[in-house]
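In order, the protein sequences belong to chains A and B.
Counting in the numbering used here, the first sequence runs from 8 upward without gaps.
Counting in the numbering used here, the second sequence runs from 1031 upward without gaps.
These are calculated hints, taken from the structure and not from any lab test.
The reader is advised that the hints may include incorrect statements.
[As the list claims (entries may be wrong)] Incomplete in silico selection of chain B near chain A, CB under 8 Å:
| hint | residue |
| --- | --- |
| 1 | E1036 |
| 2 | L1110 |
| 3 | F1181 |
| 4 | K1255 |
| 5 | A1257 |
| 6 | S1308 |
| 7 | S1315 |
Since we're looking at a predicted model, the values are computed, not measured.
For every residue, glycine included, the Cβ atom is placed at its ideal position computed from N, Cα and C.
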Amino acid sequence: MNGRFSDMDPMSDAGWISAKLNAVRRRLFLVLFANSLCMAACGLVFLWVLFSVFFHARLDRPPLIVAGWALCTCVFAAALMSFFRAPSAKEGAKFLDSRLKLEQRIETAYECLAPKEEIDRLLLRDARLRLVHFRPSAVAPMRLGGATKMVMCVGLIACASLALVQILNGWNRLARRDVGNPGPLIGQASNQAQNKDQAAQSKNGFMRPVQQSAAPGIINTQPDSGPARKNARPAPSSADTAAPPAGAQAGSAQGAAESPVIPQTSVQSNPATSKPAPSAMPTQPGPPGTARPSPFASQSAGTASTSVGTASIPGAASIRALERRANSQSAGAPSAPDARGDAGVAGAARGQAMPSVQAALSKSDAAFLARFAGQYQANVLAAEKALAKDTIPAGFRKYIAAYFAAIHP
Amino acid sequence: MKTLQEQFSAFTELHSRLKDEVSKAFVGQSKLVEHLLICLFCNGHALLEGLPGLGKTMLVKTLSEALDLRFSRIQCTPDLMPADVIGTTMLIEDARGIQRFEFQRGPLFGNIVLVDEINRTTPKTQSAFLEAMQEQKVTVLGTNHPLEMPFLLLATQNPIELEGTYPLPEAQLDRFFFKLKVAYPTLDELSRIVDLTTTETSPKIERVCSRDELREMMSLVKKVKIAEDVKRYALRVTLATHPDSAEATDRVRRYVSYGTSPRAAQSMILAAKVKALSSGRYNVSIDDLREIAPPALRHRILLNFEGEVAKVTADDIVSDVLTQIRPT
C-alpha cells in the first residue's frame, strides 16, 4: 500500500487520507513499541527474580554493564515484538474508526483510495472532513494498553510471590534448623549439596552416632565442665570414615582439643574407637570414596544437639558467648571462652569447633564461602555492637542467634 | 440534474419527512416505522406479526397515503381462492357487441398490498403470492402480467388463535424481506392513540413524494458502499445461524434445525445500506448490520423440537449469534 500512497497527489482526498493513515501507522507502531518495551522489561525482571530464587543465579558483572545488557535485551525484544505486530494501513483505518466512532467511514474510504465512481470520491471527501482536526497523538496516546497492564500486574504478582517464597523459605530453613532437621529447601544448590553430604554421611554411618550422642545430660554449655575435659583423648590424625561410631567423636575428639564441653556418654560409649567425625574436621578433606567433609556437616551435629534443648543451637551458644563477652567487658574481666572467639564457643556448645571465617576461607571451597564472608563478618560485628549495648530484646536475640546459625556458610 | 451528493441529501430528507408523516397517524413504534421504510426503499416485503388492534392496517394505509401509491387490501379467509387475489379472465362485450376475454386485475396489482391474516388462507392461495413477491409479476393463462413498481406486500399474521390457520411454508417466509413484530403501545403512546381516535381532530397525511421520486430514491440504495470486512461480518453472521457451520454458536447447534438462506445476507446488506443512507452516510457500518439483523433473520431460522420445547425464540438465537460473532 505504501507504493500506492506515494503515487497519490497529496492535495487530493485520497493522498491526504493515505498520509494520515501512514501517520497513524507510525504512531501505533511507536505505542506498540513502548508497550512491548514495558512487557519485555517486566519479563526480564521476572526471569531474573525467578532465576535468583530458584537457581541462586548471581550477577557477577558491574551493575552498569548488567543494566546496559538488560536495556539492550529489552529494546531488542520490544523491537522484535513490534515488528511482527506492526499495524497495516487498514488496521490503522479500523483503529481510527473505532477510536473516533466513525462507523467504518475510514475503513471504507481506504478501500476507495483509487476512486472510480462518484460515490468513492464522496466517501473520501467525507472521510477527510472527519479527520481534519485529528492528530495521531490524540487518538493513540502513549499509554499502556490493557494487555500490557495485565502482563505487568501478573509479573509484579509473580515477583512478589517469588519473594514471598524466598522469605518463607528462609523462615522454613530456620525453623527446620531449630528442630534439628535441615530438610530440603526449594531449589537451592547449597542445600542440595548439603543434602548430598548428609545422605552420604548417613550412608556411611556418620549420622547415627551423632544422634546417639544426643542423650540427655550430654551437653553442658557451662565452660567449667572439668571432668569431661579430663576424659577427653587426643584426636587421632586418621579420618577413617568406615569406623563407627564416628558421631561419638564429634563430641570427644574435637571437643577435647578445643572445647571445654565433652559429651560424657559418647566418650564412655566407645572410647577405644574414638575417631574424629567429618563434622569435627571441617578443614580436612576426606579420603577418596568417602563423604567429603562439608561446612554443612556441623549442622548434623546441630541436629542431634538440638534434641536436648535450644541451648545447644550453635548460634545461640555464639550469642551467649557474645553476651558473656559483653558482660565481661563491662565487668573488666574477660572470660575463658572469649579467647577462642565466637565460633569456638559455638562449636564448643555441641562439642566441636565452628570454623572461623578465615579458616573457612582457607578451605577447598573457599570461593563459595568467600561470597558470604564479608556479609557474615559485618553481621557479626553489628550483632556484637548491639549486644554490647544490651538493647536487644530477648526474643529478638534468640532470632539473631538462629539467624547466624542459618547464614553461617 | 442533481449530483449524487444532492440525491443522497434528498434521500435523507425524504426518509425523515416520511417518518414524520407516518408518525402523525401511527403513534410510537419508531423502529417499526423505520424498518417498514427500509422495506419500502429496498423493494422488499414485510411480514407484520402482532395482536389484533395494534394498528397494522393503519400503518400501511398511512404509508400509502404519504407516498401517493395505490393501496389495496386482501383479507385472507380459508375460502379465498388465488383468482380472488391475482385476478381472472372474464368475457367482456364491448360497445360494438364484440366479445373478448380480458384479464381483470385482482387486488395484488397495487403498489402497497396489505394481506391481512395471511396464515388464515389455504396454502393454495398463499402460493399465489409467491410469484408476485419474488418475480414481481403474475402469470395467468400463460400470459405474464408485470406488477407496477414499487410493489410492497405487507402481510400480517396473528401469533395467537392458531386453530384453523395454515402456517406459512418456509419457502414463502424466506421471500419476506423482514419480519416485523408489532409491540403493544406504552401508556403514553396509548394515551396519544386514544386522543387521536376519539376526538374530532384527525391527522391529515400529506403527500411527501411522488412515485417517480420514490423510484429514484430506491435506485440510490445500491450505490452505497460497504467495506470488505463489514460485508464479511454480515456473511459470518448469516453462516453462524447454520448448525453445521464452523461459526455456529452452541445455542445454534443445539436448538436450530435449519439456518438462514443467502437471501438473509442480501436482505441484511441491502437494508443496512438504506439505514446508512438515512443516517447520512455513504457506507455501511457494523452497527447498521447489527440493528438490521433481527428482523432480517428471525423468520429464516427454523428451530428444532428441542428449541421449541425449551421455548427458545429465533430472536434469542439471533441475539446469541450477534453476541458471539465479533467483527474482525
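Results for each hint:
Because the closest C-beta pair between E1036/B and chain A is about 11 Å apart, greater than 8 Å, the hint is violated. The restraint placing L1110/B at the interface with chain A is violated, with a minimum CB-CB distance near 45 Å, outside the 8 Å limit. Given hint, F1181/B at the interface with chain A, is violated; its Cβ is 27 Å from that chain's nearest Cβ, farther than 8 Å. With its C-beta approaching chain A no nearer than about 5 Å, K1255/B sits inside the 8 Å limit, and its interface hint holds.
The criterion of a C-beta within 8 Å of any C-beta in chain A is met by A1257/B, whose closest approach is roughly 4 Å, and the hint holds. Annotation: interface hint on S1308/B violated; nearest CB of chain A at approximately 13 Å, more than 8 Å. With a least beta-carbon distance of about 4 Å to chain A, the hint placing S1315/B at the interface is held under the 8 Å criterion.
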